[in-house]
Amino acid sequence: MKTSYYRRIERFKDTCIRGILFSSALCSILITAAIVFVLFYESIPFFKSVSFKQFLFDKQWTPLFSDAHYGILPLICGTFLTTLIALILAIPLGTIMAIYLSEYASHKFRETLKPLLELLSAVPTVIYGYFALLFVTPLLQTILPSLSGFNVLGAGLTMGIMIIPYVSSLSEDAMHAVPMPLREGSYAMGATHFQTAIRVVIPAAFSGITSSYILAISRAIGETMVVAIAAGMQPNLTLNPLEPAQTLTAYIVQVSLGDLPHGTLGYQTIFVCGLTLFFITLCFNIVGHSLRKKFREVY
Amino acid sequence: MVTTFKAQVQNLHFYYGTVEALKNISISIQEKKVTAMIGPSGCGKTTLLRCFNRMHDLYPGNRYEGEITLYPEGKNILDPKVDPIELRMRIGMVFQKPNPFPKSIYENVAYGLRVRGITQKSIIGEKVEESLRYAALWDEVKDRLYHLASNLSGGQQQRLCIARTLAIDPEIILFDEPTSALDPTATQKIEELMETLKEKYTIITVTHNMQQAARVSDYTAFFYLGELIEFDKTENIFTNPKVKKTEEYITGRFG
Ligand SMILES: Nc1ncnc2c1ncn2[C@@H]1O[C@H](COP(=O)(O)OP(=O)(O)OP(=O)(O)O)[C@@H](O)[C@H]1O
Ligand SMILES: [Mg+2]
Numbered sequence: 001m002k003t004s005y006y007r008r009i010e011r012f013k014d015t016c017i018r019g020i021l022f023s024s025a026l027c028s029i030l031i032t033a034a035i036v037f038v039l040f041y042e043s044i045p046f047f048k049s050v051s052f053k054q055f056l057f058d059k060q061w062t063p064l065f066s067d068a069h070y071g072i073l074p075l076i077c078g079t080f081l082t083t084l085i086a087l088i089l090a091i092p093l094g095t096i097m098a099i100y101l102s103e104y105a106s107h108k109f110r111e112t113l114k115p116l117l118e119l120l121s122a123v124p125t126v127i128y129g130y131f132a133l134l135f136v137t138p139l140l141q142t143i144l145p146s147l148s149g150f151n152v153l154g155a156g157l158t159m160g161i162m163i164i165p166y167v168s169s170l171s172e173d174a175m176h177a178v179p180m181p182l183r184e185g186s187y188a189m190g191a192t193h194f195q196t197a198i199r200v201v202i203p204a205a206f207s208g209i210t211s212s213y214i215l216a217i218s219r220a221i222g223e224t225m226v227v228a229i230a231a232g233m234q235p236n237l238t239l240n241p242l243e244p245a246q247t248l249t250a251y252i253v254q255v256s257l258g259d260l261p262h263g264t265l266g267y268q269t270i271f272v273c274g275l276t277l278f279f280i281t282l283c284f285n286i287v288g289h290s291l292r293k294k295f296r297e298v299y
Numbered sequence: 001m002v003t004t005f006k007a008q009v010q011n012l013h014f015y016y017g018t019v020e021a022l023k024n025i026s027i028s029i030q031e032k033k034v035t036a037m038i039g040p041s042g043c044g045k046t047t048l049l050r051c052f053n054r055m056h057d058l059y060p061g062n063r064y065e066g067e068i069t070l071y072p073e074g075k076n077i078l079d080p081k082v083d084p085i086e087l088r089m090r091i092g093m094v095f096q097k098p099n100p101f102p103k104s105i106y107e108n109v110a111y112g113l114r115v116r117g118i119t120q121k122s123i124i125g126e127k128v129e130e131s132l133r134y135a136a137l138w139d140e141v142k143d144r145l146y147h148l149a150s151n152l153s154g155g156q157q158q159r160l161c162i163a164r165t166l167a168i169d170p171e172i173i174l175f176d177e178p179t180s181a182l183d184p185t186a187t188q189k190i191e192e193l194m195e196t197l198k199e200k201y202t203i204i205t206v207t208h209n210m211q212q213a214a215r216v217s218d219y220t221a222f223f224y225l226g227e228l229i230e231f232d233k234t235e236n237i238f239t240n241p242k243v244k245k246t247e248e249y250i251t252g253r254f255g
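In order, the protein sequence lines correspond to chains Z and G. The first sequence begins at 1 in my numbering and counts up by one. The second sequence begins at 1 in my numbering and counts up by one.
Where hints are given, some of them may not hold.
[As the list claims (entries may be wrong)] Under the rule of at most 27 Å between Cα atoms (straight-line distance), these lysine-lysine pairs were calculated in the BS3-like manner:
id, chain 1, residue 1, chain 2, residue 2
1, G, K103, Z, K294
2, G, K198, G, K127
3, G, K97, Z, K294
4, Z, K48, Z, K59
Source of the hints: derived by calculation from the structure; they are not laboratory data.
Could you put the whole structure together from the sequences, leaning on the hints where they help?
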């Protein structure tokens, strides 16, 4: 009697908990869907007055000027250029640090250094922005005197420093999870430490390492503060990192902070840029996901 | 028939930090014979096996005392001056659980050659085929050499690990319970393989399976609590053990 009562209560609890878990999952999906909906909804009027062709192929982005141009290319170019510079710094350095921490460092050293590294990503990005403007750029100017005060290079490098912990920490986790017998198998064949790290541990941890790269890329594409402060606010269709430029995110901040009235074309550009950003990150995530699935390793 | 020593363990003590896992072990390994190590769980079989290729060097705090002399040159391989990487090129090891690398079947077998800096395709290709044939795996995998090794069955994976060891032409092969994760058919294949392997290689194997020790080995060593209790020809150990503990163990009265 008593046990069956107890069992019934447990069953009821189980149902409740399942309901709570399901609704929280549903909530996050609904919120994402709502954001995407708003982006689309607010962008539609924009594309009624600006043709797709102009949007994709015009070489200027000057929505707020009297001679308005609506070519997204300069912003995309700025976004990719800063991201590329950040990744050129962060991916090799982060990966090397991960290899060192996972395969060479003593247990004690790793346990001290990892939290310190992760602290780097806890620094507010606005501080990184001023770091880029007031420290990195002047430093670069001593080598490159022609460098302008606002430039892509300084902002990109600073962003790279900022995302190193994402790469190193997540890659290290993935490498550390590679089972010891696999490494021993390699050592038993007469491989050196380095050969084991490069030829066995990295391939075995490949899926986790790719995830860390994808996260770093998404983070770099979405980063706002550093580029808004240090890269200058000029849409600029150039591949020269010594010039100033503007990214999609920086443009969104700039316009959001202004006082554009609702419903104007200028106001709608915010959402169009948001939508573009959303598509870019979506593409990276899909590519990353399929890469990860393809190389998923079961130990 | 003349037998020669391949290796000789003399007064070996081994410490995990302060824990003494091997106590004064002396044992001689005959060339081109199978030497089996038996004993209850925790008696130090794995520990001794891993002394032969200095696997313990990978972890801090481990300490050897005593000597293991490797012939023909008669050098003590526990000497810190001996490079463990060079040593491991001469002494292969097959683990308890198959541990193929996350690479293709072909690359698994080629691994030992590649880490030695050999790059000629023809040499590697020949060696891969020869090793896979020798490990009795060639016919099963020749059509999918470039597939991931993790797709093979457990028994096939273990034979792949043997093939990968054969590819580096070791002088001694160490087996640590190579069949404990396998079903009877796969186990039988590995046992038959050991039989052919001893024509060319010296084999040291750890096993929990008495029948297996009796079937495959020429010499058997019985360990108990880190000590070598008895070491003799396998037929003597199984038919006429001199120490009571050995008899109790092989007849299954304890352990
Ligand atoms: N890394 C280690 N650190 C400390 N002690 C260890 C370590 N590895 C093994 N030991 C101890 O050393 C002793 C011998 O262990 P070993 O693994 O050699 O036994 P074994 O005979 O191979 O046992 P099994 O048949 O279960 O594999 C055991 O008492 C074990 O607890
Ligand atoms: Mg063992």
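Status of the hints after comparison with the structure:
1. K103(G) to K294(Z): 13 Å, holds
2. K198(G) to K127(G): Holds - the C-alpha atoms of K127(G) and K198(G) are around 19 Å apart, at most 27 Å.
3. K97(G) to K294(Z): Satisfied, since the Cα-Cα distance of roughly 25 Å is no more than 27 Å.
4. K48(Z) to K59(Z): 20 Å, holds
In the structure shown, no violation is registered for any of the earlier numbered hints.
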